[in-house]
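> This is what each chain is made of:
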Amino acid sequence: MTKTTKGISRRRVLKGAGAMAGLAAFGAPHIAGAQAKVIKIGLPTILSGRVAILGTSSRFAVQLAFNQINEAGGINGRKFEVVDRDSKGRPDEAAKVTRDLINNDGCDIIVDGEASSGSFAVHEVVRDLGILCLHTCSETSSLTADPKQFSKNVFRCARQGIHDAVAGGSYAAKIAKEKGLKKWATCSPDYAYGRDNTAEFLQYAKVFEPSIEVVDQLWPKLFAPDYTESITKLMQVKPQAVYSALWGGDLVAFIEQSNLYRLFQNTAYFSGGLGDPPILTAIKNLPQGLNTAYRYNNGFPSSPENTAFCDAYVKVAPHEPTNWAWQNYAASQFIIEALRRTNGNTDSSALAKEISGMTVKKPFGGAGITMRDSDHTIINYPVAWGKTVSKSPWVVDYVDTEWSKIVELEKEWKKEKGYA
Amino acid sequence: MLSVQNLDKRFGGVHATRNVSIDFPDGSLTAIIGPNGAGKTTFFNLISGAFRPNSGKVIFDGQDIVGKSSLEVVRLGMTRAFQVAEIFPSLTVTEAIMATVISHLRKSWTFLRRFPVAEAKARTEEIIELLGLADKAGTLSRNLSHGDQKLLDIGLALAMEPKVLLLDEPTAGMGPDERWRMIGKVQHLWQVKKMTVLFIEHDMDIVFKIAQKIHVLKYGAVLAQGTANEIRRNQDVIDAYLGADHHLSAAVGEA
Amino acid sequence: MMKAGFLRDLLFAAAVLIVLIVVPFIFTKPSLRDFLIYVMAYGLLAMSLNLLVGLTGLVSFGHAAFFVSGAYMFGLLMQSGRVSIPVAILVTVLGTAVLALVIGAICVRLKEIYFSFITLAFQMFIHSIILTWVSLTGGDQGLRGGIPRPPFFGIDLSSGVSLYIFSACVFVVCILIMRQVWQSPFGYTLRLIRDNPNRANYLGVDIVRMKLGVFILAGAMASVAGILLSLFVSGAYPEFGFWTTSGEAIFMIMLGGSQLFVGPIIGAILLRLIEHFVSIYTEYHGLVLGIVILAIVLGLRQGIADYIVEFLQRRKEARAAPAQDASAKDATFAKERIA
Amino acid sequence: MNLEALASCLSSSACAVTQISTALIIGMLLFMVASGLSLIFGVLGVINFAHGAFYMAGAYIAFFTYQATSSFLLAFLAGALGAGLIGVIFERFIISKVYGKDILMQLLVCYAIILIFDDLVKIIAGPEYKMMGMPDVFALPPLEFAGGFVPAYYVFMIVASLLIGAMLWLAIEKTRIGKIIRALAINPQMVGALGINTTLLYAAVFGVGSMLAGIAGSLAAPTRTLTPGMGLSILIESFIVTVIGGMGSIVGALIAALLIGFTRAFGAIGFPLFVDGIMFGMMAVVLIVKPSGLLGREIAR
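Protein chains in written order, with the working numbering: chain A, 43 to 462; chain E, 59 to 313; chain C, 1426 to 1764; chain B, 16 to 316.
Any given hint could turn out to be false.
Computed list of lysine-lysine pairs in DSS-like fashion (alpha-carbon distance at most 25 Å, straight line) [claimed, not checked]: (1) LYS221/E / LYS243/E; (2) LYS1536/C / LYS305/B; (3) LYS243/E / LYS271/E; (4) LYS429/A / LYS219/A; (5) LYS194/E / LYS1741/C; (6) LYS271/E / LYS251/E; (7) LYS1536/C / LYS116/B; (8) LYS271/E / LYS221/E; (9) LYS429/A / LYS224/A; (10) LYS429/A / LYS82/A; (11) LYS221/A / LYS248/A; (12) LYS243/E / LYS194/E; (13) LYS1536/C / LYS126/E; (14) LYS126/E / LYS116/B; (15) LYS190/A / LYS429/A.
Treat the hints as calculated values from the structure; they're not laboratory data.
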C-alpha cells in the first residue's frame, strides 16, 4: 500500500514546482538513494539526553544483526537498511518519528527502541497503520499482558516486569530464608516502572517467603543526581535488605554514594538493574555480594552463540552489550527468520503469522527464545539472579528460575489483574 | 475643582511634603515652582494617587480622593503628563491617541470590532489637530522629535478629557524657542478646553508670563503663593532661589 | 473600513484553509499531513503564547501548563466515554480558561522577570501533579489506551484524512480569532501595556485586569493546541507540560518573529523543518540546532520574519524617499502596521 | 506524612546529625551552583540558563583530568578553571552580544549553548555513564559525630564549599575590586566613566560565575554520575534557590540552598510526598510576597 502511493507522490514531487516543493520534498533524498529492493527497518529510539545509551546500544545491536545478514547476501536477494530516528525521550515525538519512518522513509518494519511511555505512543501508531512492530526496550507488563493493548502485528521482544518479579521474588525468598532477612526496605525511582516493578517484586517475594516485612519505601525522583537523603534515611530505618529498581546512571550514583556510608556492609542489596555491563564497569568500587537480576553477561548463558554475539558486538560498539542490545539483537533475529520464511515478503500480517510462536537461537543458543503466541511476548530468555564480584565478569553464581514456574504464576497474575 | 488640605508625606526620614494646602479654582492655570528637590513632582504624585499621603485631604470635584488608586483618579477626570515624555514607542501618533480615546470611552475590552473604531475617530483627529501633529499622525512615536514626544504625552492626557490636567515640566529639555512654542500650545489648549491646569516649570519667564497664580514650594512646604507680580517681589522667594538658581535673579532684574 | 479589514482576513483565512485541505490531496504522502498537523498544534501553541509575549509584553515561561491541561482534560473526557468530541472541546477550553484565571490572578500582579518565574513555578507544579496523581493521569506513562474518537455530526475522526481536515479547520478558526484580537481595540490596548504599562495605567487602562484577560484567552487557545496534539498522538503525556515545551514555544516565536502576526507560525514551521531534516541526517541535531540559533540570534538579532519585513520596508523607504533620512528609521517599527 | 518519625529523628542525636549533614551536603553543592547564577545575574543582569552546561563541563573536565593524572587536586583545579575559561569565552563571543536585549534573546542563546554542550559531550565522551570514583585520600570509613555518620569526602566538600563561599563574599564585600563590581551592578556607565575597563570586568565576573558552576561539577564528580544532559537536573533546583534567596545575593543563595537542603533531608523522613510541592510552594510564596527574593534588591534594568 505504501509502496504504490510513494511512487506516485515522488513523481508528482518532481513535477511540482514552487513553494510547496520544499514541504513535499520530505525525505526525498533518502528514497532517491535507496534501491527498491532494500528492506527498511525503522528504529525510533532515544539517542540524546541522559538515557542516550539506551538508544545507541540498541542501534549497535540492530545494525549488527542486519549487517550480518547483508554480508551473507541478504534474503532472497533483498538487503536491509536500518533507519534510526531520535525521539529525545518525548512520547509525542516518538509517535511522530514513527509515523515518519513508515510514511516518509518507507520503512517496512518498526523495531521500537522506546522506553516506557514512548513505547505506548509507538504502539498506538503501529496499531493504527498496521505495520509489523517489535517493542524492544519496554518492560512494562501491561504493554502486552493487557488484552486491550493487543494488536496482531505488534510484539514485545524484551524482558517483562512480571517475569522478573517472579524470578526475583523466588530468588530473594530463598536468600531471605537462608540468612533470616525479615526487615526489608525499597528504594526505587518515582515513576510508573519503578513503582510497578517494586510492587511486583515484593508481592512475589512475600508469596515465596511470607515472613518478609516491608519497613519503609523510598521514592527518589527519576534522574535525581543525588541520593544522599534516601541513603541516610535507609541508615535510620536499618533494614536487613533493600530492593531497588534504580537503573542506569541513577543506579551508578546510588551505589557510589551508598559506598561512602558503607551501606552495604550490613545490608543485603537486591537490584533489578545492576546486571548490565555498562553500569557494572562505570561503578569504580563495586561492592562484592550484591544480588542482581540478569540483564546481560558475556559468560551467561555459557554458549558459543552468546560468546559470538558479544565478540561481534564489542567490535562495533565501545562497550559490552547491554540488556537493550541483546533484546534488539533477538528482535532482529525474529524479523530475519520471519522474512526467510516469507521469502522476503514484507506484508505485516504474513510476517506476524510467522513470528507468533517462533523460537530463535541467537543470541543465547540453547533452547532459544520463544515468542509466545497468545500474548506476543517472549519467554525462555534468561531471568537468572547472581552476585557481584569486584572484577570481570562482575556477576557470578547465576541462579536460574524455572520458566514453568514463572509462566504458572504469570497466569494467576493475569487473572488477578483481569487480563485473562 | 481641586483643593489640597494639609497634605503631608514622609519617605522614611525624609519629609517630602509638609502640610501643604492649596486651592485650584475651576478653569485656572496654575504654576508650581521651586528649587530642585522642593517636592514638586512628589506633590503631583500625591494628588494623582501614585503615592498615598501620610495625612491630609485631596478634594477633587467635591470628594476626597486620598486612598484612591491612580487608575480611579484618572477615571474621575484628572490626568497627567510627565517630565520625561511617557509615550508608546512602537505605536503611531494616531494609534496611541485613538487607543487612549477608546480607554476613555471604556471600550478597551472590545474584541469584536476592528481597531480604528468610528466613534473614536473624530476625537482623535481633533486632538491631533489641536496638538499640531497632523502631518506626523502616521509617524511612530519613537521617531518623533523630543518636543513632539512631549506634545504627544500631553495629547494622550487630553484624550481622557480631563477636568484637571497636571503637567510636569512641559518644556523640560527644550531650547529657548521651542519652549515658547510649547508653552504657547499649552496656553492654547487650556483656553480651548477650559480645563484646570497645573504645571511645574523651571523657566521663570514662562511662569511669570502665563500663570494666573504661582505656588512656590521649598523643602516640601509652601514658601509663597500669589500672582506673578507678587511672587516676583517676594523676598523669601528671591532668597530661596539666589542660592541655587541665578536664573530667577536675572528674571527679577529684567522685570 | 473596519468591516473590510475583517473580510480581508476572512478571505485570507478561507484561502489558507483551502490550500491546507487541498495540498495533501496533491502530495499524497501521509507524512506531509502528519507534519502539518504537528506544525498546526505547535504553531497554535506559539501563536497563543505570542498574545502574551509579542502583544502584551508578558514573557511567560509556563505557557505549556495550559497546553498540557488541554490535552489531559480532553483525553480524560473522551476516555470517560460520556461526551461527544465538540462537548469535550468546549468543556476543555472552558476548564482551562478557569485554570488560567486562577493562575493568572496571582501571576499578572508580578512584573517582568518575576512574572516569568512565577509562571514557570506554576507550570512545574502542574507537571508534578500530573506525575503524582497516577490514578487519574497515568503518571509518567501518560494517558494510555488511545483517545476514542466517536463520530459526531457525521464526522469520523478516526480516519487520518478527516482528522487532518478537522485540525486544519480548528486551526484556522483559532488563528482567525487571534487575528481579530490582535486587530481589535482590546489588542491595541494590550499594545499600550506592552510599550509602557505605567503610562497606560495613567490613561485609565486597568492593566491588571487587561493582562488577566489576555492571559485567560491565551491559556484557552493553548488548550486547543493541546487538544489537537492529543488527537494526533492519541494520548496525552506529562512532557507536554514540561518546561522544555514552553521553551520550544518561545523559541518558535523568536525564530519567526514576535511582531509579525504570523511570525510564530513561521517559526514553528522552520523549527520543525530544521529538526525534521537534521534528525534524518545526524543524531547530533542539538549541535546543529544550537549553531543555527546562535547564527540567527547573533546574526539577525531578531526573528526571521521580523527581519525580512524590516529589510523589505527599509528598501522600500530608501527607494521612495532617498532624501528623507529620518523616515528610514520609521521603517524599523513600521512592521507593526503591516502585521 | 509521618511527623512522629520526624520528631523521633530530631530527638536522637545520631539521626539528627546524619540528617543535618545530609542537608548540608545537598545544600552546599546547590549553593555553589546557585551562587554563580546569582552573581552573574546580580552584576550582568543576565539569567544564565546555560549554567548547568558549565556544571557539566566542570565535571567532565575533572573526570578526564583525574583519569590522566590520578590527582584529585589537579582534577578539581582543572574542572574549576576549565569551566571558568569556557565561561569567559562564552561571555566574550556570545552572551555579550545580547546584553540589554530582551530577555528572550538571552534565553535563546543559553538554550543553544545547552544543546551544543550536550552534543559535544556525547561526541567527546560518549553517551555512557561515567563515574570518576572516590580518590584514595577520601577512601576512609565515614566519620562519626555524636552517633551520626558523615563520609570523609562530604566533610571535605562542605568545608570547601563554605570556604569558597566565604572567599567570594569577602572578595565582593571587602576588597576594592569587589566594590567596583558592586558599583558595576548598579551603575555601569559611571564605572566606565571612571576609566575602568568594564568589558574586562564583565568577562571576569562571568568567568567567576561559571567557575563556581565548574567547582560544583568537579566536587560532584566523585559521587555523581556523569552523563550528557546532567546539567539539566540541577538547573531547576538552583533556579528555585536563586529566586528564593534573591537574584544577585550570595548570602541569600546560601540561606535558600540550606533551606532546600533541610527541606529535602528532613522531608525524606517526615513528609516525603510533599517535598517537591513545598519547594515550588516556597518559590511561589516568595515571588508573591517579595518578588526580589529574601535578600535581593529590585532589579534596575
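> Evaluate each hint against the coordinates.
For each hint, the structure was consulted:
1. LYS221/E / LYS243/E: Judged against 25 Å, a Cα distance of about 18 Å means the pair holds.
2. LYS1536/C / LYS305/B: holds, 12 Å
3. LYS243/E / LYS271/E: Holds, because 18 Å separates the two Cα atoms, which is no more than 25 Å.
4. LYS429/A / LYS219/A: holds, 17 Å
5. LYS194/E / LYS1741/C: holds, 19 Å
6. LYS271/E / LYS251/E: holds, 19 Å
7. LYS1536/C / LYS116/B: holds, 17 Å
8. LYS271/E / LYS221/E: Given that 25 Å is the threshold and the Cα spacing comes to 18 Å, the pair holds.
9. LYS429/A / LYS224/A: holds, 20 Å
10. LYS429/A / LYS82/A: Cα-Cα ~41 Å, so violated.
11. LYS221/A / LYS248/A: Distance ~15 Å between LYS221/A and LYS248/A Cα, so the pair holds.
12. LYS243/E / LYS194/E: holds, 17 Å
13. LYS1536/C / LYS126/E: holds, 22 Å
14. LYS126/E / LYS116/B: Distance ~36 Å between LYS126/E and LYS116/B Cα, so the pair is violated.
15. LYS190/A / LYS429/A: violated, 38 Å
Comparing the model with each earlier hint shows violations of hints 10, 14 and 15; every other hint is respected.
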